[in-house]
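Chain A is fixed; fit chain B onto it per the hints.
Protein chains in written order, with this note's numbering: chain A, 41 to 499; chain B, -10 to 472.
Simulated from the structure, these hints should not be mistaken for laboratory data.
Wrong hints could be hidden among the right ones.
Calculated cross-link-like contacts (lysine to aspartate or glutamate; reagent style EDC-like; alpha-carbon spacing at most 20 Å) [what the hints assert, rightly or not]:
no., chain 1, residue 1, chain 2, residue 2
1, B, Lys288, B, Asp199
2, B, Lys(-5), A, Asp429
3, B, Lys62, A, Asp382
Treat the numbers as computed from the prediction; the structure is a model and nothing was measured.
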Amino acid sequence: MIEASPRVPDAGRGIRRIRVPQKLRNLELFLLILACGTNAFAVVLVQLGALGTVDSTVITLGASLSVLVLGMHIALRYVAPNADPFILPVAAILNGIGIAVIYHVDLLKGNTGWESVAIRQVVWSAIALVCAIAVVVIIRNHRVLQRYTYVFMFAAFVLLLLPMLPGVGQEIFGARVWIHIGPFSFQPGEIAKILLAIFFAGFLVQRRDTLSLVGRKVLGVRFPRARDLGPIIVIWALSMSVIVFQRDLGTALLYFGLFVVMLYVATGRTSWILLGGGLFLAGAVVASQTLTYVNDRFNAWLNPFSQANYDDVGGSFQLVQGIFGLANGGLIGTGLGRGRPDITPLSQSDFIISAIGEELGLAGLFAVLCLYLLLIARGLRISFAGHDDFGRLLGVGLSFVIALQCFVVIGGVTRVIPLTGLTTPFLASGGSSLMANWIIVALLLRLSDTVRNQPRLVI
Amino acid sequence: MSKELKRVAIVVLLMFGALFVATTSIQFFQTDTLAADSRNTRALYASYDAERGPILVDGQPIAMSVPVDDDYKFQRTYPNGPLYSQVTGYYTLGQGSTGIENSLGDFLSGTADSQFLARINSIITGQKPKGASVELTIDPVVQQAAWDALGDYKGSVVAIEPSTGRILAMVSKPTFDPNTLAVHDTQNVIDTYNSLLGESGDPLINRSIDGNLYPPGSTFKIVTSSAALQSGVAATDTQPNLARFPLPGSNNTVSNAGGGTCGGGDSVSLETAFVLSCNIPMAEFGVQMGDSTLVDMAKAFGFTKDLDIPMAVQPSTIRSPMADDKLALASFGQDEDRVTPLQVAMFSAAVANKGTIMKPNLVDSITAPDLTVLQQFEPKVFADPITSATSSTLSQFMVSAVQNGAASNARIDGVSVAGKTGTAENGEDDPYTLWFTGFAPADNPRVAIAVVVEDGGGENQSGSGNSIAAPIAKQVLEAVLNK
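Here chain A stands alone, though its shape is the one from the complex (with noise of 0.2 Å):
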């Protein structure tokens, strides 16, 4: 353990009485309550807004699913009495507004049925529930994780790979990251971040001290020894050959990411970060020079209203689009079920955000945009208070996966950054995407409990 001290509790203060699952339970409850309530009201207002009228066969659907979210709820009284409060209806309120705002593009659209994503996300949303009430359940110690690393890390490689089988392999929009098995199409680069991330945390337990206390120190940084540098030139090369063979440019940020915060939190060496920096940034220019997908995501980022990127095939008219979007929606948006997020492509899932903005304006978008930093937020506390460094790491890069990732596709169609395809977290269509994300809610609400239930320090 390379932490200080442990640190002597000063009764009265610092410390109050944490014990409390009960209470913590049953103000979970309240919240969660409030959030299937918007949900459905979200639903409601998109059928008053587009149909005019309520159709309640959607609204059961919807209510199915929000007795999952209790049922995740009764689970975790039992097997997580401990877990954080917070984590569960942020989570089900982002799922919630996700749900309504595709199923009004479904009617914009004209799907129905089985056609409809909405209907095919809350399916989905149930599939994943179900997954992360099976974590809570099945993972009663997240220490247990830490013993299969490498498995995790072996796994994680295989999910990767399998998009270029051919035979179950596919490619959408350009980017390979797909696999199809009968009539499911499945993006295992989603969970393979999660598996990512166990492994990271049980890998740079084991081997901190060799990361972080050997090396030549130039201008005050600690360089580490070239052969420390195998893992992190692992991963880059790793995230290179998903930019190249893959073309999937955010996957690759995501990896590479968050293997370098993790490094850097695990060492504490900044070196860590210069090197992983420079390394990606050295493999983004050359990918833009030489990978014509690249190049073109960078000119329509830097010139998106310039007719002839507008008119270019792989050029700005979707960053367009949906930026006219978000403008169309101004402060305080169309109203749900008003506006007109059909005319973006992809609005229903790499776009979602815009039709969020159109419709919620720039109210809402604050409002999502909050809600994750408040998930994030509970995420980061489980590591800032774990005493465990695996679970402390594994906090910190699961809470990370998600706000670069919120980053890197909410940047992406604001116009930070290049555009890139991922997902958002719980509100893109996309079962892949939504199953990972409950699991990593289920992750960390098991976390958080096993915080709790050893106090050492709350903050």
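Just chain B now, kept in the frame of chain A:
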């Protein structure tokens, strides 16, 4: 580890900070520019979402939105399309708009700043937003009279109330039917638009205030005479009565319209020159007073000045500075003098209103759907080119011109009409541009008018302002006086 975690938390905050800034920039600061982008179809759909307000003349709609069952919910219709086409303009599906539809588009669609609270209200109450209605100053009787009187001629009629600047009639021919451009089929609209563009006579252009502008011919003598009177050049002076006037510094000469001298005698006064519409004495007065005096007076009447009625009026122009040979020609409305019919009507309006031009204006009031008045237009002074004394002298000149001079065809029994004709040359062999401007009744003016007929009214170089334009003006004046 905590120090690193704090830094990671700060990085997360910075990343989200960037997202907050970027979304604010797009959704708050750039909304107007983004909505104005022609590729933004949402703005187009949104503009049809609200019921666009009607444009009214004397309480009757001349442009209105009728509910229809398609994507755009409302169809813009123009019940008396061609008659008011140049006033209303057209409103198309994403292909732009003109006229009042364009210049008051914000009010009609309900998105003007003064309608902000109403918009918020309709969002909260869930009522469908509705645009404001625009009541025009146009008088339907006068408009119809102007339309009928102009007949099949290519040209324009503008009538304004001198004491207020209210535009009573504005006709420009040839014209178009705005209904054909309001259909909800973009390709159809583009085809119609292109065929209108290709038609001879530029039907899409409102020649009352826009287009290529016309040489004013002798109507400009109102300006020259104003300058001569105000500068004192004409108070006592007369000019040599010549049959040919050699242009200073040039081998060319100028003659009067009739070919001879201006009336009898060795010298000629400003009054005679004006009433008989002689070119040579005007040229002589012009050269005597100098180019800056004339140009300043033209500008005082509104030349080169921006004016919105609320459509933008193309400013009339005059060469400045100019040598004496050009000045001589400019003094009787040739050279590079170019005017809109509205500007020429303002010549008469100034004389009619004791030397003051009231700002010409088409809009009477803008009323929100809940009947609150958003804007009520009050008469405003546009310019003060001449003194009251000068105006009464000019008024006498113009009455004489109709009574016993070159504008005889504008006479109305029992009413004293003031007027001035113009027959402007374009090119050596090109047909004339025929003018009449004036006001009535001369002692208590209720209307000032300008009539222009292009292409010599089909009579090449044999028609005159008096033979073709004056009778048109007479009919419009009668329509006002008979009310």
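Against the structure, the hints come out as follows:
1. Note on lysine 288/B and aspartate 199/B: the hinted pairing holds, with a Cα-Cα distance of about 18 Å set against a maximum of 20 Å.
2. For the hint linking lysine -5/B to aspartate 429/A, the alpha-carbon distance of about 16 Å falls within 20 Å, and the restraint holds.
3. This hinted pair checks out: lysine 62/B and aspartate 382/A have alpha carbons roughly 18 Å apart, not beyond 20 Å.
Checked against the numbered hints above, the structure violates none of them.
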